[in-house]
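Make the full structure from the sequences, and use the hints.
The listed protein sequences derive, respectively, from chains A and B.
Quick note on this note's numbering: the first sequence kicks off at 251 and runs consecutively.
Quick note on this note's numbering: the second sequence kicks off at 26 and runs consecutively.
FYI, nobody ran anything at the bench for these hints, they're computed from the structure.
Predicted model only: the values in this text are computed from it and were never measured.
By construction, the Cβ of each residue, glycine as well, lies at the ideal position given by its N, Cα and C atoms.
All clues stand as given, with none of them false.
Now the stretches of chain B that chain A is said to cover, found in silico as 3 or more residues with beta-carbon under 8 Å:
#, stretch
1, 381-388
2, 596-608
3, 663-676
4, 706-718
5, 760-770
6, 841-848
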Amino acid sequence: MKTKISIYLIGIIALLGCEKELDTVNPNEISQDSFWSSPNDAELALAGVYDAIQDISLFGGRFREFDGYGGIGYYNWNTDALTITEGGSTPETNEYLLIWLGHYTVVNRANTVIYNTESVEDLSETRSSQIIAEARFLRALAYLDLTFLYRDVPLILKDLQFSERFVSKKAQEEIKTAILDDADFAAENLPDQWSGGDQGRVDKWGALALKARANLYFGNWDEAAEAALEIIESGKFGLYDDFSELFLESGQGSVESIFAVRFETGLGEGESFSGTYKRVTQGTLRVLPEYVNSFYCSDGLPIDQSPLYDPADSLNNRDPRLEATILHSGELWINGNEVFNTNSPTGFDIQKYQRNVLGYYYDGPQDFMVFRYADVLLMRAEALIEMNQLTQEVYDLINEVRQRPSVNMPIIEDVEGSGLAQNQLREIVRHERLAEFGFEGLRFFDIKRWGIVQEVYEFIKYHNRLYDSGKTEVWPIPQTEVDNNPNLEQHPEWL
Amino acid sequence: MRLTVFLILISVSQVFGGKLYSQITELSLNLKNATVQQVLDEIEEQSEFYFLYSSKLIDINRMVDIEVENRKIDEILNQVFAGTGVNFAVMDRQILLSPMEISPPSSQFVVNGKVTGIDGVGLPGVNISIKGALTGVITDMEGNYTIQVDNPEVILVFSYVGYVSQEIQVGAQQTIDVQLLVDVTSLDEIVVIGYGTQKKVNLTGAVSDVDFVDLANKPGSNLLQSLQGEVAGIFVTSPGGQPGVDRGNIRIRGIGTFDNPDPLVIIDGVTVDLTDLSALNPNDVKSVSVLKDAASAAIYGSRAANGVILVTTKEGKKGSTSIRYDSYFGSQQATILPNLLNAEDYAMLANEARVNSGNAPYFSSDQIALMMNDDPFDGFDNVNWVNKTFNSAPISSHTLSFNGGTERLSTQLSVGYLNQDGIMIGSGSERFNFRGRIDFDVKDWFSVGLNINGYLTDTKNLAEGVGGQDNSIMRRLARTPPSAPVKYENGNYFVEFEDVPGYSTIISPLRLASRGYLSNEANRLISSIYGEFNVIEGLKLKTQVSYNFRNIDTERWVDHEVIENDDGVVLADNGFNRLTNTQLDNEQYQFEAFLTYTKLLAENHDINAIVGYSFYHDQGQNIQAYGEALPNNKIHVLDAATANFSVSGSAFETALNSVFGRVNYAYKSKYLVEGNIRYDGSSRFNKENRWGLFPSLSFGWRISEESFMSSLEFIDNLKLRGSWGRLGNQNINNYYPYSQTYDVGQNYLFGNASNPILTSGIAVTTIANDAITWETTESIDFGMDATLLKGLDLSFDYFIKTTKDVLLQLPIPATLGDVNAPFQNAGEIQNKGWEGIVNYRNHIGQLFFNVGFNVSNVKNKIIDLRGEEFYPTNRIHTEGEPFGAWYGYNTIGIFQSQEDIDAAPFQHAQTAPGDIQYADLSGPDGVPDNVINSYDRTIIGNNFPEYVYGFNADLDFKGFDLKIFFQGVKNVDVYSSQTGEHTGNTSYVNWTKEWLNRWTPENPSKDYPRLRNNWDQNEVVSDFWLHDGSYLRLKNLELGYTLPKSITSRVGIDMVRIYIGGQNLLTWTKVKNYDPERIDSEIRNEFYPQLKIYQVGINCQF
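This is the structure we're talking about:
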């Protein structure tokens, strides 16, 4: 009996000794081996690239607050950004890494799509090149920020294998070429417009806007003007009448929006910049009084020249864009009729993209415009001015922006006059950008390319801002990047 | 005289058959001119019989001839002892030999009494002999005896296998109750090892065992932490004394892996995890063995590289029944709490930090006056948040156990309840343990058993945890200004200073704790069933199937918080209340079967062999659901949520398939050889890299058994041992590291702007490495064990442990994007060290004492990282240096003048007197460049202690027992910054009192730098913030008294012991304000404080 049972048991044990139970499959994720086989796979991967630009280090958070570096706001809370603007940062300051990392996520995800999409069978040639074009647009968008913030950075244009991870820096010139190539490819391969469920993808005009911006940043005035003109001539875009509403949910997808990053509440796709919470804005960035003062009076004159300026009621009779750009104590804002309760030391908060309903800080629904038509108009104007083509078109472009129905500021001819010199018009277009684009994340790039960072920083008296020559303009390679990549060298300014 | 003796053997799990054994077993003997002892030995060799006798009472050197064939034991013994006055009683396999006649009743008086163990339970079968005479008696089943003696000068000798013998002069006593102590140094001691047990003297590997007969008197809630200082070679770190969340980490002989350095934990043959070890009821545990070297651990192969902890629980005792109740009540408080500034001092320092940074001061003198007046509702107050956050808290524990058995069936059942309130608001835990064990000898050749161990824990925690997050309580503790009132007059928590810019969001610890919680209910079942067969003589087959289950339900709740000030203005409104429910299910099953073969081949050649098979499977899944906007703050079910629902879930599965074997050979118990092997396959690796072979070989030489040593009588045992072996580790926290996957959920929104469509997206979020395989640890150990003078135990081990192919998640450039780095078999880490143990046990009259000391030293070095360096927070892993050493700048001191700054290497553009001066060690070209930058960072301290030690003294005197246990570590550094220790970089943060001595122009301090806002330079990682974390701690002190039997037996109680005691009562350390004992990765002072506990308790048995 016992021998039988024992033999039986030993037999069972011997049978159990097989290997198949060791073959487990990850139930949570999609295996790479089976991917890139159907058209939908390429679509999924492309959505993953768009997802990356929603990141908090990019349009999901940082860019709304980026103008702190541009000198129109300051970081009231003790953040890395405050340390940077006060000159106390080091390459270890985490902000430098976060923004770097967010952009390279876009680059790598885009590269995966660009490299693999061509091999997908059953994908039409048109859609295939569109997908690649969308990805290249997003890649160029990321590189434009990267090279403008960090100057020389690693340039990755392939589906980088893990073994190739130690990439060295490339000179800005090479990065510029890659950005312009991507923008050109995107402009050539993207459709005029998307419809239905595809709305919100970048189209040809978004690519051209990027092309205009990149060329403008790099000083290729001719190409910048050309690309902007193409958008203007398409006739597809215009200025949205209500400047204030343009930055609310109700202004999303307007005729002015050329490309916006999309956000929505409750779907795990929210942003974290628009919250108004316990009647105050949740941002860390506060509007500087110097910025408030820079808005002209409604007669088109600076406050120190205009008779309309009343220091006792300083917000009265001003460029209407001021009221639309900032919130001030006592303003009716909550639900459109309740008093806003600022806790800003300057007394001012940002209004653009700010929710006027109380709601939790994160998971906001507000889309963020990367390119809007007013920018295209002013980019072309600026390019023409820099090319010294001081034609009536320049006046018309700027006037169009000034004359938006809800803004309705006097035209150049009526205030500054006509037949102006290049440097006069240059100042006019620069001031127009300042008034038009406050807190849209463009200011730091503008003052950098205009070479006036030091001037702007030293003008600020309200807070302890420090201009640190070279370091303020060119951000360091994050310290962990230098630590983790033997082929990467720190910029000389930061050594 | 008829004696009924049931012998309880220590630590031996033996399969007992019925009386049938003696009736069916037939033996053949043919011995000429042999001693009685030789005959008995031969019988023991041939059969499972064993003899119990006292050589003082039985003449075993008498010569006999015997020649029998196929005779039953009775017949043989009748022949051997015919006419010698020796009586024998056969009980199952045990045979008790006793003199037929007790000494004649010529004595003048009778002495009686009871012999008990330390637990007060009567010991049956104890020899009581009269010194120098051949007469004696044996105790009965309850441990009672009666002996007649001639005169008061007679000395009685109480002796019992496995216990320390005692000699007592009768004197005038008529009743002599004796308590025998377990002889832990006994050469017969049995130690639990992988898949079996072994006599300690025959061990060739490095195994430490802790007998919980001793530890049961150390009332702690956490078994894992009870091991700290008890076992040489292990280092336990504790996350603090948070009830239910105090698991801690344990490192056996250093650290050899980057990912999961937890040892393998096995309870009664069932693979469990470290959490189970800390949640087990210490009263249910009989012994713990720690397998430290490859020789002892290789039988567990690929999971043994971090060491193995084997827990054996108590089993039922045959032939007796008992009920036992163990309980204690205690009061807990923090060992130390930070001494933070009061409001006035705080305001002064906060203002100073602002002014030093060129900003306006925060507080006016009027406001400071408001802080220090007695009105709590004038907008300012003077609050000690530490006192508000911590209180002394009760702890109580109750365990009721039932033990008993018949000849074939034995049972142990117990229930335990632990109720531990937290000393911190919002924390606390309850635990309910239950256990049942049945061992059933169905047939002589077949036995089965069932073992169930379960626990339920209910832990209350803060919604955002104790530390590590901005809204965690330890951070709020220091980040709430003491100048902030607790509440408004209307009862709402205070939120903002009206006229102080920047102070708009006060989240005090009390506000934080009041607005949410994280509750955690864990249910755990560990169950197994076994069957054991005697296939043929010497060959046994044991199979065990186990099934374990764990379910953890967590509920995180955040109130909808609306706070109005006294003017009715809403200052805080977080919009919605929020509820997250998470459920984790995890089940493991394990099947093991192994054959054990034991044979004495020829005279003096002892062979033991095991061959077995094991399959282990672990799978789990978790589901999380979230919702917001419930109707009120009282309803906490997701059904009531109305907004922002989200659900998520994931699953995992892992399996391990193994065969293993062991051969053990001993020649004359003098030369010992052992070999182990395990062949493991793991589902975590792909087919090509899945299987690994893990062998070990060890040798022992018991020099004391050599004839040339026989003259050295003071040496009872002396053994040298050496071992080599290879172990594996697969325990990376990733179940599918080899397969490259795309992660779903990388979604975006397309479609109409006002009504977007959620569009699925995927992306690589973790990079895979398909070449990944085992980490392999090679370990060499040389050891020495000695027992001298019958009570002095010495043990010493030296080891080298080298782990190759260490799985590293090498840091990857961020240019790869926001992806997790893959694991690579890239590193090599070495741990070298030694362990020494001294223990001395003796008695002076009735005073029994046992003193012990153990110390271990580990030197850890990273040998190879493929040239990489990487940087866990504030630390570095780099070649040639210890694992995770603290890394940062060396500091020289504090600049006292501008001239000093000008003369020093360039520090920072804004450096001023009072700032920390860093040392210029290097530069881009590898030489000092007169500039302080990242090239100047260096190793600044140890993260792991060089020495870990413990010493204990146990004393017993006439019913009183005293236990003193110290534990300490030496040469370790702790990092502390920001929380209470900072230069003002972050507003809100309060300072510890020492900061009153910061640098100011008037007070040129050398200890604390000047204050400054918004500036990192004084806060960068440097040795300025590193402190010597060595400590020596009175871990446990306990004084107990066992009531005399004469009293307790009248009310039918076998034993009652009451005690008072305490834990962590005294600490010697240089660390101020915070406890030096902390988890090794802690860099802020944000762990839950360690506990000092005063307790009273009772142990009793019926």
